[in-house]
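Participant: Note that the protein sequences, when read in sequence, are chains A and B.
When the letters of the first sequence are read in order and numbered with the UniProt record's numbering, they come out as residues 1 to 346.
When the letters of the second sequence are read in order and numbered with the UniProt record's numbering, they come out as residues 1 to 346.
Source of the hints: derived by calculation from the structure; they are not laboratory data.
Ideal Cβ positions, reconstructed from N, Cα and C, are used throughout, including at glycine.
Any given hint could be a false lead.
[What the hints assert, rightly or not] In silico contact screen, one side only, chain A against chain B (beta carbon under 10 Å); selected entries:
(1) Pro23
(2) Thr137
(3) Leu138
(4) Ala244
(5) Asn260
[Unchecked claim] Sample of chain B residues with no beta-carbon within 10 Å of chain A, all distances over it, derived:
(6) Arg6
(7) His32
(8) Pro54
(9) Glu198
(10) Asp308
(11) Asp317
(12) Gly329
[To be verified] DSS-like, lysine-lysine: derived pairs with alpha carbons at most 27 Å apart:
(13) B:Lys191 / A:Lys121
(14) A:Lys74 / A:Lys97
(15) A:Lys249 / A:Lys282
(16) B:Lys74 / A:Lys197
(17) A:Lys74 / B:Lys197
(18) B:Lys249 / A:Lys249
(19) A:Lys85 / A:Lys121
Protein chains: 2
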Amino acid sequence: MSRPVRIALDAMGGDHGASVVLPGAALALERHPGLRFVIYGDEKVVAPLLDAHPKVKASSDFHHTEVAVAMDHKPSQALRMGRYKSSMWLAIEAVKKGEADVVVSAGNTGALMAMATFCLKTMAHIERPAIAAIWPTLRGESIVLDVGATIGAHAQHLVDLAVMGSALARVVFDIDRPTVGLLNVGVEEIKGIEAVKEAGRILRETEIPHLAYHGFVEGDDLGKGTVDVVVTEGFAGNIALKTAEGTAKQIAEYLRNAMNRTLMARVGYFFARGAFAALKEKLDPRRANGGVFLGLEGVVIKSHGGTDALGFASAVDLAYEMASHELLGKIRETLERAHPAMSAAV
Amino acid sequence: MSRPVRIALDAMGGDHGASVVLPGAALALERHPGLRFVIYGDEKVVAPLLDAHPKVKASSDFHHTEVAVAMDHKPSQALRMGRYKSSMWLAIEAVKKGEADVVVSAGNTGALMAMATFCLKTMAHIERPAIAAIWPTLRGESIVLDVGATIGAHAQHLVDLAVMGSALARVVFDIDRPTVGLLNVGVEEIKGIEAVKEAGRILRETEIPHLAYHGFVEGDDLGKGTVDVVVTEGFAGNIALKTAEGTAKQIAEYLRNAMNRTLMARVGYFFARGAFAALKEKLDPRRANGGVFLGLEGVVIKSHGGTDALGFASAVDLAYEMASHELLGKIRETLERAHPAMSAAV
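Make the full structure from the sequences, and use the hints.
Facilitator: Written out as structure tokens, the structure reads:
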């Protein structure tokens, strides 16, 4: 892409709104100096922050709106009060109008998904959108989807997730033919729900470009990084994601307690503090902040609502990668090429 | 219970069979000297091990059988070749005949569940059996069920799981009125699958003895120990269990690498080695080894197939607790008392 990447920002989203979004944008801009922002929010809040971050100000177009979607708005409520005029809606619409390449919001997930689906619409051949997470593993990182956009899935939806997830893996991990596994309760072909078994059959029997079907994987394969892309419907995916986050926190807490219990342990901690700092950084959820909404005619990045500037900057980095590697084009291309064969297999 | 607890052992189950089962039984016997075993297996393998563990031999009745269910047998295969004659079947049947109070097997889960269901039958009011896991948390331990016995669930099945899980929590944690949460993708009442929402309504509206309904919980509440009993259907439950196990291993591996990377870290590790040993013990999966099959007319404990004698002994300990606190009686009592109200609420 020769022209600069343009990122629309919902400055009012998240627990801390503009006070995190603007400093986050400033951090990301240092890493990608060519970046341009289109920022939507309340000028009373945003204008002073733009003054405080002159580089962001110089790289941005700012649009004032007084309407903001609250973190506790239900999707229907958010649509009713925020459609056509909230910072969230306007940032999404910038992508639809071609004024931005990708949008980042730390606003509430349900509202963001509802607005994005309403405004951008789903892609051809795709019935329902999905949220993909980037999952740290022992081998590096994997893509896991869907982590909560929709609940329940028939086989074709799971196959669509496989196609979209492998396109995302190509962009994020720069590999030509990512391996894809279907999350199940056993690796044998006879196990699991019908939809998962049927999706396995379709993926086995269909030649899909840039996708190497691996077979079924189980919950413990997530942390191992057995495959580049793990496909599951949103209920199990969301539970897996939050279970892993909870377990990581639990063990970090065990470790903290263990290192505090005796004098010897505290002495040991002192010597090994560099190693502990490295471990802490590795486990820092801000490093992999950003869920990717897939299946829409535009790329939406959801930042964690409670994150800080460092975390928001990671979400902007991710948005930058999506736009500069033309994620949407790659998904469209694969869908166009694979769909006849996939449909024949259904 | 005044007479000794009698535990039936499938000596041929698990990756290592009798060479783990017998030493495991010996360890458990040291902790519960009054224990009696009824052991089923091939005498060529078992007899020498009984000679090596004279205390176990003195506390056991041994029954020879040449038929053993293999770890890779499908449930149907296991039933076909092992019914009425395998060590697994005979150990289960000892419970049915009243010759043992509980059975422990490290054999393959699918086969064990199929045989147990066929032999013992489900309890009155219970449609499908479940597997409950004891889950280490920041507050101590919780019960999580179903972790993989059956896939998919309607509301009544989830309510049954809540009743059985809270009875198990009463026995294992010695609390009179355990808190129960339904695993979901959000804590708001409008979120999630229909069956989960409907089960939430029934649990909210029905007075069930010895059960305090908490509401919905999410994946990260598992590690926090937000409730004593977490209820979910077997697909999501199995994925959550294995995801947590995988994440724990992943972080342990990160920690090992961090502590090995620099000289300072290794020095720190040396000083803090007592703390690391305590942490390792805390994370040791052998400590909480043993899934409990619930909903059958008899208690079956499934030990992890790959465990060692220490792990198998934990499963025997768990079996001992179940029998001495009369788990089945407690479940029956609650079901009898709660069922009219539950049925009215459906």
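Participant: Now, for every hint given, state plainly whether the structure supports it.
Facilitator: Now for the hints, and whether the structure bears them out:
1. Pro23: A:Pro23 check fails; min Cβ-Cβ to chain B is 27 Å, beyond 10 Å.
2. Thr137: Holds: closest Cβ of chain B sits about 7 Å from A:Thr137, inside 10 Å.
3. Leu138: This interface hint holds because 6 Å falls under the 10 Å limit.
4. Ala244: holds (5 Å)
5. Asn260: Where the cut-off is 10 Å and the nearest Cβ of chain B is about 9 Å from A:Asn260, the hint holds.
6. Arg6: holds (33 Å)
7. His32: Answer for B:His32: holds, closest chain A Cβ roughly 29 Å.
8. Pro54: holds (39 Å)
9. Glu198: holds (14 Å)
10. Asp308: holds (19 Å)
11. Asp317: With a cut-off of 10 Å, B:Asp317 remains clear of chain A, as the shortest Cβ separation is near 22 Å.
12. Gly329: holds (31 Å)
13. B:Lys191 / A:Lys121: Holds - the C-alpha atoms of A:Lys121 and B:Lys191 are around 23 Å apart, at most 27 Å.
14. A:Lys74 / A:Lys97: Holds, because 26 Å separates the two Cα atoms, which is no more than 27 Å.
15. A:Lys249 / A:Lys282: holds (13 Å)
16. B:Lys74 / A:Lys197: Holds, because 17 Å separates the two Cα atoms, which is no more than 27 Å.
17. A:Lys74 / B:Lys197: Holds. A:Lys74 to B:Lys197 sits at ~17 Å (cutoff 27 Å).
18. B:Lys249 / A:Lys249: Satisfied, since the Cα-Cα distance of roughly 14 Å is no more than 27 Å.
19. A:Lys85 / A:Lys121: Given that 27 Å is the threshold and the Cα spacing comes to 18 Å, the pair holds.
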